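Chains A and B, in that order, give the protein sequences.
Residues in the first sequence are numbered from 251 upward in steps of one, following this note's numbering.
Residues in the second sequence are numbered from 2 upward in steps of one, following this note's numbering.
Honestly, the hints are just simulated from the structure, not real lab data.
Owing to the predicted nature of the structure, the values given are computational and were not obtained by experimental measurement.
Glycine included, C-beta positions come from ideal geometry on N, C-alpha and C.
Misleading hints may appear alongside valid ones.
Unchecked claim - DEER-style ranges, computed between Cβ atoms:
(1) B:Pro178 with A:Glu422: 55 to 63 Å
(2) A:Pro274 with B:Asp181: 47 to 55 Å
(3) B:Pro187 with A:Ile498: 46 to 54 Å
As the list claims (entries may be wrong) - Examples of chain A residues toward chain B, derived with CB under 10 Å:
(4) Gly329
(5) Ala347
(6) Arg529
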Amino acid sequence: MSALETFEASCHLSRDTERHGVHPDDEYLKRGRIPHIWCSGCGLGVVLNAFIQALKVREIPPDKAPVVSGIGCSGRAAGYLNLDTYHTTHGRGIPFATGLALARPDLTVTVFSGDGDLFAIGGNHLIHAARRNVDVKVICVNNFNYGMTGGQSAPTTPLESRTSTTPYGNVEYPFNLVGLAGAAGAVYVARWTTFHVRFLVDSISEALAKPGFTFIEVLAPCPTGYNRRNKLGQGLDTMKLYRENSVIQHGIPPQQAELDLRRRIVVGKFVDMEKPTFRREYENLVQQKARKS
Amino acid sequence: MNGDEASAEGALAAGCGFFAGYPITPATEVAERMSNRLPEIGGVFIQMEDEIASMAALLGASWGGVKAMTSTSGPGFSLMMENIGLGMMTETPCVVVNIQRAGPSTGLPTLVGQADVMQCRWGSHGDYGVIALAPGSAQEMFDLTIEAFNLSETYRQPVFIMSDEIVGHMFEKVVIPPADHIRLVPRRKPTTEPWACIPFQAEDGLVPPMACAGEGFRVHVTGLTHDEMGYPHIVPPTQERLVRRLVDKIRLNARDIIRLESHFLEDAETVVVAYGCVARSARESVQRARSKGLKVGILRLITLWPFPTALIRELSKTVRTFVVPEINYGQMAYEVERCAGDRAQTVLVGMMGGTMHTPTAILEVIEEFSR
Chain A
251 MSALETFEAS CHLSRDTERH GVHPDDEYLK RGRIPHIWCS GCGLGVVLNA FIQALKVREI
311 PPDKAPVVSG IGCSGRAAGY LNLDTYHTTH GRGIPFATGL ALARPDLTVT VFSGDGDLFA
371 IGGNHLIHAA RRNVDVKVIC VNNFNYGMTG GQSAPTTPLE SRTSTTPYGN VEYPFNLVGL
431 AGAAGAVYVA RWTTFHVRFL VDSISEALAK PGFTFIEVLA PCPTGYNRRN KLGQGLDTMK
491 LYRENSVIQH GIPPQQAELD LRRRIVVGKF VDMEKPTFRR EYENLVQQKA RKS
Chain B
2 MNGDEASAEG ALAAGCGFFA GYPITPATEV AERMSNRLPE IGGVFIQMED EIASMAALLG
62 ASWGGVKAMT STSGPGFSLM MENIGLGMMT ETPCVVVNIQ RAGPSTGLPT LVGQADVMQC
122 RWGSHGDYGV IALAPGSAQE MFDLTIEAFN LSETYRQPVF IMSDEIVGHM FEKVVIPPAD
182 HIRLVPRRKP TTEPWACIPF QAEDGLVPPM ACAGEGFRVH VTGLTHDEMG YPHIVPPTQE
242 RLVRRLVDKI RLNARDIIRL ESHFLEDAET VVVAYGCVAR SARESVQRAR SKGLKVGILR
302 LITLWPFPTA LIRELSKTVR TFVVPEINYG QMAYEVERCA GDRAQTVLVG MMGGTMHTPT
362 AILEVIEEFS R
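Please put together the full structure from these sequences, using the hints given.
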């Protein structure tokens, strides 16, 4: 056997066909991709499951629901879903999805990514996509830190929190993600936690059916990266915190939706309005005028 | 029309249905023309928030099954590099037009340069093969933009038009042939059933067919090192196979991709190697040198990458001097020198940017080295 052949023989083709089709949601998960890489107690599985349930509620065929994600733990969600999935560069999931959604208005395009990805490196893209009202559904899993790179501070890290790059405590004010998305023009804005599973499924399914730029923040525990350094315990302890401290306040201005993990977490649907999408306006105004002239 | 506009028309003739870009001199006229013309044919133009977003949107549109293009100039090209790398890794066809100006940094926004030709070759991190075309006239801006779309579909990757401010802004007559006279390469689709499709397995050995969004193939597309199924597989053998194929699909097809124009090479002792606007001056200087009885030839690079290594190597056996005029301080001259080795000398006629070489300036160098 030549060196190259030995090489090739050692490369498996990850096309595992065993143990698939056992679970009713298996159709939504790529064969051989589970188990996932997420830590135990992580909230990402809950959000992924809620997204799948929402697709089922809306009866959106898997072939019509591409998912785009950026980089990080949340970014890996794309790799597990048995849809057309795109794992793109850090922070650029939204512009990638913008291109996809504009090219294919017949598809329901979802961006599934994390707080660091969407609001630090990708912050500019998020506000502009919201401003344009492109038809993209954003699910932002917020765990208050950069999980995959080892728990560094993020634009969402609460004041005084410890992360691997704020060993003495964080001195930067965090973003209020729903406030920012709402201010930028998102037509649907909600915040839930991984404790509010049913609300979350309802919320995602509402967003999937709503034309335009929708934004859902989901607070999720990160036992390995964030909890450990901030004495928040395991994933289950965070869930208890969510249960005790969450207050549902539908319809309040998202800028006022408080978020203090240890004291008061305001969740709910804050924005739900009608506004023509970029693509619709472009077709109605620009393309019609261009054809007439 | 000017070169920028001709490039936009070439894109439309090639079937481009999506343009995402960000304004930058001297590439703006490409975007402006597209914003005017795309809606007429049902396509979409979008001015993104920056060049990073433009490049990402291009890739998204391409995976949506639509032919996509952007245009930019040096600083914007730099910003696009990360997503150009994603385009190379995920094998996403699209066209990037770079109307070069002088740098580094903001440099000379309204004046010509040719100093991005090495960035275009090596700009994004990692190994990959590159196809870059350098038009020398408004007509070629039209023709080569179509060619760039065809090459991007054939080899499934971003293809560059490395033009320059002078070619982009020069007004010339452009002949647009009837649509049925234009050769177009359609996107190759998998012929297998979705369940049997191995999306990144190249049937012909190098370029796999492309299963786009909404076609039922449910492909996972990632910038991570991936196996033929498209799934992340972070091990050396998979990286070895994947990167080898990405580089080889260009390297092994170089003969089919490379396009050149040459005159008087048969008996040439001195050969001028030029591209873009400079090639126009070079052609004039070579003619003048010939009329003076000097044995001078010209090699115009239409394809900058892949580089015609074998040809230069062959020529260097009989040629004494390669003269390389370019609007930078020696980029393609290094490439010529690499191929010529010690067999022939390579003389750079560098210019820092802002204007192009006069035929006289090139002729003086030719005469100096032809004695």
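A quick look at each hint next to the structure:
| no. | hint | result |
| --- | --- | --- |
| 1 | B:Pro178 with A:Glu422: 55 to 63 Å | 59 Å, holds |
| 2 | A:Pro274 with B:Asp181: 47 to 55 Å | 52 Å, holds |
| 3 | B:Pro187 with A:Ile498: 46 to 54 Å | 53 Å, holds |
| 4 | Gly329 | 6 Å, holds |
| 5 | Ala347 | 6 Å, holds |
| 6 | Arg529 | 8 Å, holds |
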